[in-house]
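Using the sequences plus the hints, can you model the full thing?
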Amino acid sequence: MEQRPVNWGRPRDDIYGAYDHNIHNAAKMPTVHTQQPIVTGTSVIAVKFDKGVMMAADNLASYGSLARFTDQERLIPVGKDTVVGVSGDISDLQYVERLLEQLEIEENYDNDGHELKSSNIFEYLSRVFYQRRSKMDPLWNAVIVAGVEDGKPFLSYVDLLGVTYSSPTLATGFGAYLAVPLLRQVVDKEGDEDNLTEEDARKLIDKCMKVLFYRDARSIDKYSVATITSEGAKLEKNVKCVEMNWRFAEDIKGYGRTVA
Amino acid sequence: MFRNSYDNDSVTYSPTGRLFQVEYALEAIKQGSAAIGLVSKTHAVLVALKRNSEELGSYQKKLIRVDDHLGVALAGLAPDARVLTNFLRTQAMSSKLVYNRPIPVSRAVSSIADKAQANTQEYGKRPYGVGLLVVGYDATGPHLYEFLPSGSSLEYVATSIGARSQAARTYLEKNFDNFGSSTLDELIVHGITALRDTLAQDKELNSKNTSIAVVGIDTKFQLYDDDDVVPWLSKLDTLSRASGAIPTEESTEAEQPETTETTETTETAETTEAADASEAAPAADDSMDTTE
Amino acid sequence: MSLQEALPDSALHSTASSVPIEHRFNPYSDNGGTILGIAGKDFAVLAGDTRNTTGYSINSRYEPKVFHVGDNVVVSANGFAADGNVLVKRLGQQIQWYHYNHNKELKLSSCARLVQHMLYGKRFFPYYVHTILAGLDEDGKGAIYSFDPVGSYEREQCRAGGAAASLIMPFLDNQVNFKNQMDPATNGTEPHPITYLSLEEVLQLVKDAFSSATERHIQVGDGLEILIVTKDGVRTEYSPLKRD
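Chains as they are written, first to last, in this note's numbering: chain Z, 1 to 260; chain G, 1 to 292; chain F, 1 to 244.
Hints are computed from structural coordinates only; laboratory data are not their basis. Keep in mind that a hint or two might mislead.
To be verified - List of simulated lysine-lysine pairs, DSS-like, C-alpha gap at most 30 Å:
| no. | chain 1 | residue 1 | chain 2 | residue 2 |
| --- | --- | --- | --- | --- |
| 1 | G | Lys96 | Z | Lys135 |
| 2 | F | Lys104 | G | Lys96 |
| 3 | G | Lys61 | F | Lys104 |
| 4 | G | Lys41 | G | Lys220 |
| 5 | G | Lys220 | F | Lys89 |
| 6 | G | Lys220 | F | Lys107 |
| 7 | G | Lys41 | Z | Lys80 |
To be verified - Computed far set for chain Z versus chain G, every beta-carbon distance over 12 Å:
| no. | residue |
| --- | --- |
| 8 | Tyr109 |
| 9 | Gly113 |
| 10 | Lys117 |
| 11 | Lys135 |
| 12 | Asp137 |
| 13 | Asp192 |
| 14 | Asn195 |
| 15 | Lys210 |
| 16 | Arg218 |
| 17 | Asn238 |
| 18 | Cys241 |
| 19 | Glu250 |
Predicted model only: the values in this text are computed from it and were never measured. From the three backbone atoms N, C-alpha and C, an ideal C-beta is built for every residue, glycine too.
Structure follows, in structure tokens:
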């Protein structure tokens with residue numbers, strides 16, 4: 001029986017030769033940080049309207065170019081009048097989801113009538129994102145916080161760098177190029193949202209999600225729409241892109257029947 | 001001579017379940033001059049009596065701002081209050097930084113109550129020798145809390161702490177029905193009327209010894225001292241004394257506050273010990289110049 | 001013929017195979033925008049456009065970046081917006097603590113020294129911002145302090161910072177400090193004497209500087225917010241800029 005614990009579980013010297021103690025003394029693995037996102041969600045888009053905010057994100061979680069998971073919910077309700085939309089790394093999304101859940105639970109411990117408003121949740125998230133980027137260990141996401149606060153719509157953005165801004169129309173990722181121009185045709189500056197009804201906002205969101213599905217290769221035609229008014233947040237799931245027309249594809253060289 | 005063997009530290013119970021060090025700390029509050037807090041539906045008010053240790057000395061601060069929506073009045077060891085308010089200020093700032101929200105009053109109070117409680121359960125610690133009245137205005141309206149070294153914190157419509165504060169409480173108990181609907185000015189006058197009842201017979205409220213602070217809806221925490229308190233002092237009912245604005249036949253009752261309190265503490269079996277503790281108190285009056 | 005066909009095989013692959021591409025997280029970005037501060041006899045202004053960008057995208061058309069941090073001090077930290085916001089927020093809280101500890105207003109010169117320490121404190125992971133401080137000095141005169149990202153600073157009569165600083169600064173040298181201007185009264189033989197500009201003149205100068213910068217710089221535009229500091233306090237003026 002080997003009496004010295006240090007030798008337990010090691011190859012026997014008499015069979016394999018003397019043990020190389022450099023193996024035992026090897027430095028531990030360095031601390032590793034996220035260097036790139038792995039499984040990702042694409043754009044989140046949002047727009048203010050006269051009585052609230054509307055936000056949408058599709059249900060796809062991509063693994064590179066592979067459409068890996070097709071029912072990933074990326075709109076997270078927090079409290080009764082805030083929804084957080086997350087794009088980027090899905091594991092970081094799930095971490096953020098847990099943070100927000102914890103935040104909500106601890107807010108309710110005291111049961112003293114206080115509740116977190118959208119701007120409180122947003123400030124908290126932006127601190128978390130900025131602190132993680134400052135540790136060079138970012139949460140690889142771009143997030144939109146949408147809600148209604150004191151009867152007024154609230155809409156703000158924060159990303160992996162801790163950069164924040166707010167605007168009556170917001171979008172992350174490809175949405176910034178494809179959806180924002182469409183949204184700004186209707187709501188360009190603060191105050192324009194007063195002329196947009198919930199019904200029209202809903203149609204606008206559908207239009208943007210359809211364009212995103214046409215042109216963003218990492219998107220899917222199934223998405224969720226969150227509508228937040230002073231009555232609370234409503235989450236519509238499994239909305240499908242309708243009245244799509246792919247006839248134009250036939251005319252694209254090398255894609256459809258057109259070869260030369 | 002009798003010697004209490006259960007008061008050498010704050011963590012040992014007496015056989016009857018009392019923590020003497022904590023009770024002594026509560027006594028320290030009574031050494032300080034009175035502070036009063038009251039709330040209406042829209043505002044919270046603090047008033048306090050300032051003392052100067054000698055004729056040529058300055059008056060000690062009794063009211064401290066913590067944030068735009070939060071402030072405290074103290075009675076007891078002023079240095080302990082300073083430490084606690086500085087802690088409250090860090091809490092208030094971190095609430096602004098992390099949540100972009102003025103700290104809810106109840107949570108501000110719990111944060112110092114937790115610190116106070118730890119001092120009653122950890123060996124080698126000394127309970128805070130100060131009581132605080134914390135007022136603030138947050139998303140759920142105006143609030144008044146009483147903080148004690150025992151770690152307890154209770155919300156009040158109106159209350160008072162410090163020397164002869166029972167007299168003020170008597171006034172508050174008689175008049176609190178009117179506080180809810182009071183205007184800010186009326187609330188302040190109620191406050192200083194109650195404060196006047198804590199004075200010794202030969203003393204009067206004046207611009208030097210009166211401190212007032214207000215906070216409320218659309219009103220940031222604001223301190224008033226010296227000449228700024230004169231407008232309210234001039235509104236004091238000059239006739240009634242000890243009975244307050246409402247004339248009453250029971251006015252003599254309020255003038256014997258110490259008796260009431262002593263009976264409260266001596267209710268338990270250990271009469272001798274309790275008497276010992278409260279007797280020691282007045283003797284300390286002059287030596288503890290940090291007590292306000 | 002496509003690009004691939006036109007290039008020799010080695011041109012495409014040689015660099016890629018011999019040198020590994022360093023791919024690591026870059027904690028900074030540039031959010032554009034520009035700021036401008038001018039001091040007058042008894043006032044100071046600090047102006048900034050309200051556009052926020054990354055790359056070619058306009059993130060927001062109204063995202064203020066000039067702030068009043070208390071004690072008649074206005075400040076803006078232009079560059080990487082996340083750092084800028086954190087710096088301004090920290091400064092505001094530091095000023096609060098100064099009040100708690102000393103029970104008096106913080107002098108502008110002391111505030112400037114404080115900002116230097118806050119910036120230099122992150123010398124090895126800097127706040128990526130050009131900071132400008134505006135207010136009144138102890139004599140009630142307008143004052144502008146400008147800082148580099150790691151805290152070196154000086155007091156100036158005027159300073160432009162951010163994306164279009166290089167477009168605006170020469171204009172300011174000429175119009176505020178009368179550089180390369182001769183005095184018309186001497187028939188152009190003597191340099192123009194240094195005189196204070198009135199608030200009206202300064203505001204017009206600021207608006208001209210920003211509308212010109214908007215024409216020539218893609219990251220500047222949408223709106224102009226001017227914070228004006230006088231002995232009576234701080235007030236804000238907003239005027240639109242071109243949104244293209």
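We went through each hint and held it up to the structure:
no., hint, in the structure
1, Lys96(G) - Lys135(Z), "holds (22 Å)"
2, Lys104(F) - Lys96(G), "holds (22 Å)"
3, Lys61(G) - Lys104(F), "holds (16 Å)"
4, Lys41(G) - Lys220(G), "holds (16 Å)"
5, Lys220(G) - Lys89(F), "holds (20 Å)"
6, Lys220(G) - Lys107(F), "holds (24 Å)"
7, Lys41(G) - Lys80(Z), "holds (27 Å)"
8, Tyr109, "violated (10 Å)"
9, Gly113, "violated (4 Å)"
10, Lys117, "violated (7 Å)"
11, Lys135, "holds (16 Å)"
12, Asp137, "holds (19 Å)"
13, Asp192, "holds (25 Å)"
14, Asn195, "holds (29 Å)"
15, Lys210, "holds (36 Å)"
16, Arg218, "holds (33 Å)"
17, Asn238, "holds (34 Å)"
18, Cys241, "holds (37 Å)"
19, Glu250, "holds (53 Å)"
The earlier numbered hints that this structure contradicts are 8, 9, 10.
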